[in-house]
Amino acid sequence: MSTAPAGYGRVLDLVTRVRGVRGAMLVAGDDGLVVAEQLMEGIKGPAVAALAASLANRLHRAMDAAGVGADQFWHLQAEQGALLVVPAPSGMLVVAVAEPDVNVGLVRLELLRAAEAVG
Amino acid sequence: MTTRAVEPWIFEPLVKFVKEAGARLVLLMTSAGQVLAQHGFSRAVDVMSAAALGAAIMASTDEIARQLQQPPFAGLNHQGERHGIFLAAVATGRGKLVALVVYDLDVSSLGLVQLFFEQLAADLRAASPKDSVPKQVLAADFERELSDSLNTLFGR
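First to last, the protein sequences are chains A and B. At position 57 of the first sequence the residue is numbered 57 (the numbering used here), and the sequence of numbers has no breaks. At position 97 of the second sequence the residue is numbered 97 (the numbering used here), and the sequence of numbers has no breaks.
Since the hints were derived computationally from the structure, they do not count as laboratory data. Do not take every clue at face value.
The calculated SDA-like cross-link candidates involving lysine to any residue, where the alpha carbons are at most 25 Å apart (straight line), are [claimed, not checked]: (1) B/19 x A/59; (2) B/19 x A/47; (3) B/16 x A/55; (4) B/130 x B/7; (5) B/19 x B/69.
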């Protein structure tokens, strides 16, 4: 399922074309709301967006407290899949939901490209 | 922060919602502004004001929707610098309830509040007495009802 304005759709295509990616989203970092999404059936977009943004907010504060600078990429590996996130400079989050055996390096690269394109 | 409910079936869903959504203040009331549960308020006067204002906003948006010939709005969000206010209605066996949620932007977000509000609505629908008719508060009983509710909500 896809709900993405044309420009954002192309950005999400960068991520979803990687084999093993089940979906990608642009999420407003402050609100945890979905801005655009391309997700396979069964993925609860609003729930992933809200929880990922909440986590990003807390991780950002943890990084800040640790004095290691801004977070650039995070990857959560679960039994049946993975969540990969890159914050864009504007505060938007580029989120990918992927199969457990996805090529993480390639997804990271596309997420970084997508984040740069989002600005 | 304390959570209190005038009607016991509301208590558990509300406690769960507050914990999961990271809400700072919550009021559950009828569309007339009669408060059924609260979390986080420390003064009765604040509850009374918030309930009256929340019910009035809900009535206004319902009327706007009616004039636009649309179904009532699902929810209303107002975001300030440090806090957000979320207002939405829930249909239960006890009738339509209105929820007013205040959240800190550094603890929660609109996305989280919306997400867990859906769960709260489902929990309230499941827990509400199915065959009860909402009790109308008559003008003559209003002050006593209000006083009883506030006593329960503040554990007096």
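Taking the hints in turn, this is what the structure says about them:
1. For the hint pairing residue 19 of chain B with residue 59 of chain A, the CA-to-CA distance comes to about 20 Å; that is within 25 Å, so the pair holds.
2. Distance restraint check for residue 19 of chain B and residue 47 of chain A: the Cα-Cα separation of roughly 16 Å lies within the 25 Å cut-off, and the hinted pair is therefore satisfied.
3. Distance check on the hinted pair: residue 16 of chain B and residue 55 of chain A sit about 19 Å apart at the alpha-carbon level, within 25 Å; holds.
4. Of the supplied pair hints, the one linking residue 130 of chain B and residue 7 of chain B holds, its CA atoms being roughly 14 Å apart against a limit of 25 Å.
5. With a C-alpha separation of about 37 Å, the suggested pairing of residue 19 of chain B with residue 69 of chain B is violated against the 25 Å cut-off.
In this structure, the one hint that does not hold is number 5.
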